[in-house]
Amino acid sequence: MINWANFVSQAFNGLVLGALLALISSGLTIIYGTLGVLNLAHGAMFMLGGYAGYVAYNYTGSFIVAVAVGALFVMLVGVVMERVIIRHFYSRPPEDQLLVTFGISICMVEIVRFFFGSLSQTVPAPAVFSGITSLGFMFYPTYRLALVGIIAIALLVLFLVLYRTRIGMIVRAGIEDSLMVDSLGINVYRIFMLVFGIGAMAAGFAGIVNAPVVSITPDMGESILVQTFVVVVIGGVGSFPGAVIGGLIAGEIISLTSMVNPGYAYVMLFAAMTVVLVLRPYGLLGTQGRE
Amino acid sequence: MTDRKSSISSSLSRRALLRSAAVTGAGIGAMSISSISGFEFVSRVAAAENPPIGTWPEGSKGSTIYVSISVPRTGAYAVQGEDELKGWELAIEHINEGHELLRKISPKTKKGVLGKQIKAVVTDSGAKPNQAVQAHQRAITENKAVMLTGSTSSAVAVAANKLAQREHVLYLAGISGSNDTTGKDCVRYGFRQNFYGETAANAIGPVLVKQFGKNKKMAFMTPDYTYGHTVTKSVNDYLTKNAGWTQVTNQVSPLGAPDFSSYLLNIANSGAEVLINVNWGRDAVLSIQQAQKFGILDKMKLVVPYQIPFLAREVGNGLLAGVYAATDYWWTLEDKYPLAKMFNEAFVKKYGYHPEWGAENAYISFAHWARMVEEAGTFYPPAVIKTYEKGETIPSLVGDVKYRPEDHQCVRPVFIVKGKAPKEMKNKEDFWEVVETIPGEGLMQKPDAFGCKLGDYT
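Chains as they are written, first to last, in the working numbering: chain A, 1481 to 1771; chain B, 2 to 459.
Calculated from the structure, these hints are not laboratory results.
One or more hints might be untrue.
As the list claims (entries may be wrong) - Listed next, with one range per pair, are the computed distances between beta-carbon atoms:
no.	chain 1	residue 1	chain 2	residue 2	range
1	B	Arg314	A	Leu1759	46 to 52 angstroms
2	B	Pro207	A	Leu1636	52 to 58 angstroms
3	A	Asp1576	B	Gln118	49 to 55 angstroms
4	A	Leu1636	B	Asn131	53 to 59 angstroms
To be verified - Now the stretches of chain A that chain B is said to cover, found in silico as 3 or more residues with beta-carbon under 8 angstroms:
no.	stretch
5	1616-1625
6	1702-1708
Stated by the list, open to error - To give an idea of the interface, some chain A residues facing chain B are shown, with a C-beta separation under 8 angstroms as derived from the structure:
no.	residue
7	Asn1538
8	Thr1540
9	Ser1542
10	Ser1598
11	Asp1662
12	Val1694
Backbone N, C-alpha and C define an ideal beta-carbon position, used for all residues, glycine too.
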């Protein structure tokens, strides 16, 4: 289906898909960059955000409350998880960290399944963003358009926190060299807790703002987690701008490939990751030697 | 004289002795036969005649037999998997207690199968072939399972078919819509009760032509595995050959895709008049909901050729009003079929909702298996297979059916349903109206048309 109208449509759609991937991936990458923990529960946190928001929406009928609850609840879960479990694994081998976060993810999914079942649940888009908008070259769901703006604001806030605040400076320093930060007398473990909470919140926020686009189900985090890892690898581990760039690239690859041959959309995503790994193993904006 | 007498006497006594010995022997034999069950007698005869095969006779020696059920309880097909599981659980309960409904399908059933209680080994396949095969293999090794079942994906059914043939343990397909399951990937040890791509296409095709006319442009959404490809091909072939429809795009997506927007944009730009969505499970729910958000359902008619349990209630908002689908079963068929009514009542009583077609397929395929084993009088797999292969007409929840000996596919009716608008629904589960019942015979391809070669018995 290659024609000019479809190309523009798909390129635009890739931007929307990419924005979502960028937001989720930024949470994953700052956690890994700072703490060195590859959080396999990140997809489950994305899902938790959706369900927490869904519950809040059912009680209040307010989408804004749902978004706030979704993000804050997952941040709280992240902080508790870091204090109770993850901190004991900082000095453990990476495979232990993978196993424990994978185990936590299974628990989260099954707990949600126990209470809500496997049937998908829907959170409607706010009335102001419902319906379809004509962009001239195509019709596009209004909420998806709004989502680009919502995510752009969220990424901007995250950028300001990381690059314009003292805490952000410490976090970035921690990403580069946590041992040095510790030796400067900064309580690096408190920062770790905060970073984990912020990273989790990014996933939770993405989960609830994405809920009107895709119905929520207990295992919705699984497939998104895989894509998120691809984004982080492409963008560069630990790099916030890398996650944003990687997300947008991934979104465009999926969308534009599907225009040519939909069966190869995800194949091309992994092919792109492979190419990046071969040519630039630390990712597009990653730094060589960063752990 | 004395010698002669003595000789006669001794000869008489020898004759008497032989006679009495024969009578006594026969008596003891008769006593020993009457003291064992008919099943054990047939089993001993079978065991004497046949070497062990698969899990036979080990798996059926005790008072309990195990069946392996590997069904998706997670992933994109989890909702449908749970419904299937309920169907199997109810069937096991009915077989074990000799329920009235079960005895209408398997008249020789008393309690259990050949007097043995069934226990299920239930595992989560996640709709992944390797996961399902590993689970079945474990049940064969550890529990000596006498029968395998479960699939909500034809990729799983095809893999389980191959395992069943290799291990010589019967496999009853769960939900499996691919032509290949009883086509090129058929096996001697595999049986399928439910409808599939070719029968769905031949059943719904005439309805679509009647409703929408000839020479239409159609777009397909196809999940990227055997089910999707074969169903799309069958539906496409029917509509292009018989009504001059043209396929303008086929959007192939991986199972469990998180977002369908890029596929839907291609469809929106394709100029199609009819959208034929072959996606299944959560993929179908998501793709239909998203199609509505892209305004596609306002521009083109939606068709679901292979109906999905819970689709209407999950999609919501009356999006399926007026949508045609082919299906194995819908609960309102109880008005026409007494056994369906009995099944619905038992199911609703136990689970609190009306069964979807996954549960119906699960229940009836177990009931048919119980019947075949009872008829064979043994669990010896080749004997059970040959009983299926007699091709006798047997009852089902939707009238009489039979299994084709050439490919082990059940010849059964396919139903065309049409989605109801919310205002037409008489109760909260009244999502579909059954508009046509099409007998199975005329819907099926010739047994060898899809390359079925069943393989050996032993």
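How the hints compare with the structure:
no. : hint                                       : verdict
1   : Arg314(B) - Leu1759(A): 46 to 52 angstroms : holds, 49 angstroms
2   : Pro207(B) - Leu1636(A): 52 to 58 angstroms : holds, 57 angstroms
3   : Asp1576(A) - Gln118(B): 49 to 55 angstroms : violated, 44 angstroms
4   : Leu1636(A) - Asn131(B): 53 to 59 angstroms : violated, 44 angstroms
5   : 1616-1625                                  : holds (count 6)
6   : 1702-1708                                  : holds (count 4)
7   : Asn1538                                    : violated, 15 angstroms
8   : Thr1540                                    : violated, 21 angstroms
9   : Ser1542                                    : violated, 21 angstroms
10  : Ser1598                                    : holds, 4 angstroms
11  : Asp1662                                    : violated, 39 angstroms
12  : Val1694                                    : holds, 6 angstroms
Taken one by one, the earlier hints fail for this structure at numbers 3, 4, 7, 8, 9 and 11, listed in ascending order.
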